[in-house]
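Visitor: These are the residues of each chain, in order.
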Amino acid sequence: MKQKEFNFKDYIRNRYFPHIWCPGCGHGIVLGALLRAVHELGLEKNEIVVTSGIGCSSRISGYVDFHTLHTIHGRALAFATGVKLSKPSLKAIVPMGDGDALAIGGNHFIHAARRNIDITAIVMNNRIYGMTGGQFSPLSGSGKKATTAPYLTIDRAFDIVDLAKSAGATFVARSTVFHATESKDIIKKAITHKGFSVVEILTQCPTYYGRKNKEGDAIQMMEGFNTHTAKIGSKKLENNPNLIQRGIFVEDKTVPEYCEAYDQIIATAMKESL
Amino acid sequence: MHMIESGNVAAATGVKLARANVIAAYPITPQTPLTEKLSEFVAAGELAAEYIPVESEHSAMAVCIAASSAGARAFTATSANGLLYMNEQLHWAAGARLPIVMCVANRGIGAPWTVWNDHQDTISQRDGGWIQIYANDHQQIIDSVIKAFYLAQTVSIPVMVCYDGYILSHTYMPFEKPDQDQVDAFLPPFTPENMLDPDRPYNFNTVTLPDVRPDIHGQTAPGYMEIRHCLHQDMRGSIQVLEEIDKKFQAAFGRGGHPFVEPYKCEDADHVVVCMGSLSYHFRDVIDLLSQEGLKIGVMGVQLYRPFPEKAIVEALYQKKSIMVFEKALSYGNQGALYADIKSALYPCENRPEMKNFILGLGGREIKTSILVETVRNAVKHTAASDDHPMWVGLKCQE
Ligand SMILES: Cc1ncc(C[n+]2csc(CCOP(=O)(O)OP(=O)(O)O)c2C)c(N)n1
Ligand code: SF4
Ligand SMILES: [Mg+2]
Numbered sequence: 001m002k003q004k005e006f007n008f009k010d011y012i013r014n015r016y017f018p019h020i021w022c023p024g025c026g027h028g029i030v031l032g033a034l035l036r037a038v039h040e041l042g043l044e045k046n047e048i049v050v051t052s053g054i055g056c057s058s059r060i061s062g063y064v065d066f067h068t069l070h071t072i073h074g075r076a077l078a079f080a081t082g083v084k085l086s087k088p089s090l091k092a093i094v095p096m097g098d099g100d101a102l103a104i105g106g107n108h109f110i111h112a113a114r115r116n117i118d119i120t121a122i123v124m125n126n127r128i129y130g131m132t133g134g135q136f137s138p139l140s141g142s143g144k145k146a147t148t149a150p151y152l153t154i155d156r157a158f159d160i161v162d163l164a165k166s167a168g169a170t171f172v173a174r175s176t177v178f179h180a181t182e183s184k185d186i187i188k189k190a191i192t193h194k195g196f197s198v199v200e201i202l203t204q205c206p207t208y209y210g211r212k213n214k215e216g217d218a219i220q221m222m223e224g225f226n227t228h229t230a231k232i233g234s235k236k237l238e239n240n241p242n243l244i245q246r247g248i249f250v251e252d253k254t255v256p257e258y259c260e261a262y263d264q265i266i267a268t269a270m271k272e273s274l
Numbered sequence: 275m276h277m278i279e280s281g282n283v284a285a286a287t288g289v290k291l292a293r294a295n296v297i298a299a300y301p302i303t304p305q306t307p308l309t310e311k312l313s314e315f316v317a318a319g320e321l322a323a324e325y326i327p328v329e330s331e332h333s334a335m336a337v338c339i340a341a342s343s344a345g346a347r348a349f350t351a352t353s354a355n356g357l358l359y360m361n362e363q364l365h366w367a368a369g370a371r372l373p374i375v376m377c378v379a380n381r382g383i384g385a386p387w388t389v390w391n392d393h394q395d396t397i398s399q400r401d402g403g404w405i406q407i408y409a410n411d412h413q414q415i416i417d418s419v420i421k422a423f424y425l426a427q428t429v430s431i432p433v434m435v436c437y438d439g440y441i442l443s444h445t446y447m448p449f450e451k452p453d454q455d456q457v458d459a460f461l462p463p464f465t466p467e468n469m470l471d472p473d474r475p476y477n478f479n480t481v482t483l484p485d486v487r488p489d490i491h492g493q494t495a496p497g498y499m500e501i502r503h504c505l506h507q508d509m510r511g512s513i514q515v516l517e518e519i520d521k522k523f524q525a526a527f528g529r530g531g532h533p534f535v536e537p538y539k540c541e542d543a544d545h546v547v548v549c550m551g552s553l554s555y556h557f558r559d560v561i562d563l564l565s566q567e568g569l570k571i572g573v574m575g576v577q578l579y580r581p582f583p584e585k586a587i588v589e590a591l592y593q594k595k596s597i598m599v600f601e602k603a604l605s606y607g608n609q610g611a612l613y614a615d616i617k618s619a620l621y622p623c624e625n626r627p628e629m630k631n632f633i634l635g636l637g638g639r640e641i642k643t644s645i646l647v648e649t650v651r652n653a654v655k656h657t658a659a660s661d662d663h664p665m666w667v668g669l670k671c672q673e
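Just so you know, the sequences run in chain order A and B.
The first sequence runs 1 to 274 under our numbering.
The second sequence runs 275 to 673 under our numbering.
Read the hints as simulated data drawn from the structure, not as lab findings.
Just so it is clear, CB atoms sit at the ideal spot from N, CA and C, and this is done for glycine as well.
Honestly, I wouldn't trust all of these hints.
As the list claims (entries may be wrong) - Here are the simulated distance ranges between beta carbons: (1) R529/B - T227/A: 56 to 62 Å; (2) F6/A - T445/B: 45 to 51 Å; (3) H663/B - R13/A: 33 to 39 Å; (4) R114/A - T445/B: 43 to 49 Å; (5) D65/A - T445/B: 37 to 43 Å; (6) Q245/A - A344/B: 39 to 45 Å; (7) T181/A - P472/B: 57 to 63 Å; (8) P472/B - T192/A: 52 to 58 Å; (9) T181/A - S644/B: 53 to 59 Å; (10) L505/B - R114/A: 35 to 41 Å; (11) D65/A - H663/B: 39 to 45 Å.
From just these sequences and the hints, can you work out the full model?
Guide: The following block contains the structure:
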């Protein structure tokens with residue numbers, strides 16, 4: 001049977017539109033990639049639970065017509081963990097901002113990765129706290145301007161890929177909103193992967209990060225994502241190894257998934273108590 | 275100097291004038307512009323302080339606790355869920371007797387999410403051992419911040435300066451900015467007796483036992499209960515300390531004279547409205563309108579909420595016919611917290627006034643002068659004692 005053509009209106013809640021994002025914000029492209037991924041995977045809307053915290057990025061949970069939980073800042077993964085453990089058949093997807101995921105929510109992030117629970121975390125990294133007006137985040141990196149760093153930041157940034165890898169995530173990837181189709185394909189794989197998946201998507205906040213750091217308008221910022229990144233294994237990367245790498249860095253199917261491991265413990269305990 | 279600025283900038287200016295040494299904060303609406311302003315002051319070299327942009331409010335208070343323990347004047351600011359996320363550290367700061375000053379731009383608490391104003395955030399923190407001061411306008415914000423540092427370090431208790439989110443934090447108003455040398459002359463340096471110092475090692479806040487016990491020198495050391503009793507006593511004592519500080523402030527700057535409650539047309543009023551924050555100034559219009567109708571009525575803003583200044587409150591209210599307490603917060607399942615406090619303060623009086631409790635403005639619900647006029651007019655007519663269930667003002671789709 002041929003699949004119905006993609007129409008984003010089938011997947012959104014019309015009543016929540018127009019959205020709150022600024023013109024040129026990259027978050028909408030991530031939303032588009034997510035919806036297309038869900039469509040191409042042929043998932044039922046009822047199979048999906050989108051849990052989010054707080055931030056411009058986290059607004060996604062209001063816009064999508066799945067089961068959704070708009071929770072508190074930094075704790076979306078904790079809520080998603082609860083949902084997943086109580087109903088492992090659901091697909092848990094957590095769109096998060098860089099601040100939500102790695103500042104206030106950094107602890108939940110590493111522990112979700114360590115447990116390898118089957119949740120897909122999509123970190124929409126615009127390197128700034130967009131919603132509260134452009135304060136620097138743990139992803140801004142040094143030498144950047146933000147409302148809390150009028151004379152440049154000195155803190156180094158996390159590398160989300162390295163952090164996720166070393167914390168134990170079993171699927172780790174990176175793309176950008178310039179590479180919308182690539183983002184969609186990666187999200188598809190991440191959702192299908194059984195275990196904790198981290199997809200970092202570089203996205204632009206032209207309103208704060210762009211303006212403060214003179215990175216131009218949304219289009220110029222997006223072009224920057226093209227010039228400054230390269231696919232792993234590509235000639236471009238070979239020629240310039242300093243570029244930010246895109247692609248799938250980890251896809252490990254050997255580590256037990258948390259809910260399954262939990263079920264096994266229950267089975268063992270039941271046997272012993274017989 | 276005269277300034278026209280937002281309430282958040284008034285607060286930041288007060289912090290700068292008080293020469294805070296360490297500022298740690300995490301952004302949250304509607305507090306954010308305050309700490310952004312401070313980070314600008316620090317980055318521009320206008321304020322010699324460490325600005326530490328932490329990754330959450332819990333850490334912001336933890337930084338203040340560490341800085342204050344090391345003898346620094348520490349400041350932070352937050353709102354709503356940020357304040358709640360600090361909770362563990364808030365109790366710690368009070369128990370450890372650290373004179374931290376914090377501004378809270380009052381905002382309703384999620385769930386459901388709201389970014390608009392009410393008082394539930396700070397009211398829900400009233401029992402943690404922090405002094406709470408509510409400012410009514412921008413002048414009171416800047417003045418209260420400066421006085422708060424003085425009060426905190428004198429009694430070794432942290433102080434929250436609360437002001438209405440958006441209504442005060444984001445609106446522009448004229449206010450007087452004190453001169454730096456005047457503030458320097460007013461505010462004594464912070465020189466704590468016990469502080470973290472490698473040359474004079476101390477144990478801080480170690481585990482206590484239920485009972486007293488001998489310390490390493492064989493002297494009886496207080497147990498948990500004695501230490502907590504001491505906090506309570508000092509909290510009570512801080513009422514008088516605030517009065518003295520306010521007198522000094524008035525002598526230096528010409529403003530003040532009502533550190534606990536601020537009455538308007540209360541003197542020969544039969545009826546008095548009581549509330550906190552900007553609402554008490556809003557109510558002055560209501561009072562003026564109702565006075566024109568011949569009602570003898572006044573409004574009183576409560577500025578010091580913890581410790582509770584019951585003496586000042588009783589003095590102002592005990593001879594009145596009726597008291598109407600309007601609150602932007604409540605103790606769910608009971609009454610407004612301020613109402614309950616005032617009621618208990620008036621309990622020992624003969625001929626207690628009639629009391630009514632109103633809840634309004636939750637989550638930024640608009641408070642219209644016309645509705646207030648009508649509500650008060652009706653309340654005064656119906657003199658029957660309230661059944662102690664608060665009445666809700668401005669509810670729209672009631673079942
Ligand atoms: C406990 C708590 N602290 C602070 C906030 C205020 N706050 C809301 S969103 C946000 C940062 C959002 O940044 P990010 O996660 O990077 O998302 P973006 O807006 O950039 O997409 C902050 C600090 C809050 N809601 N709750
Ligand atoms: S502030 Fe930045 S992140 Fe938020 S909607 Fe605007 S562009 Fe997007
Ligand atoms: Mg961000």
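Visitor: It remains to establish, for every hint, whether it holds in the given structure.
Guide: Comparing the hints with the structure gives:
1. R529/B - T227/A: 56 to 62 Å: 58 Å, holds
2. F6/A - T445/B: 45 to 51 Å: 47 Å, holds
3. H663/B - R13/A: 33 to 39 Å: With a Cβ separation near 38 Å, H663/B and R13/A satisfy 33 to 39 Å, so the hint holds.
4. R114/A - T445/B: 43 to 49 Å: 47 Å, holds
5. D65/A - T445/B: 37 to 43 Å: Because 39 Å falls inside the window, the suggested range holds.
6. Q245/A - A344/B: 39 to 45 Å: Since Q245/A and A344/B have Cβ atoms about 43 Å apart, the given range 39 to 45 Å holds.
7. T181/A - P472/B: 57 to 63 Å: 59 Å, holds
8. P472/B - T192/A: 52 to 58 Å: 56 Å, holds
9. T181/A - S644/B: 53 to 59 Å: Holds, since T181/A and S644/B (Cβ atoms, about 57 Å apart) stay within the stated range.
10. L505/B - R114/A: 35 to 41 Å: With a Cβ separation near 40 Å, L505/B and R114/A satisfy 35 to 41 Å, so the hint holds.
11. D65/A - H663/B: 39 to 45 Å: About 41 Å separates the Cβ atoms of D65/A and H663/B, which means 39 to 45 Å holds.
In this structure, every one of the numbered hints holds.
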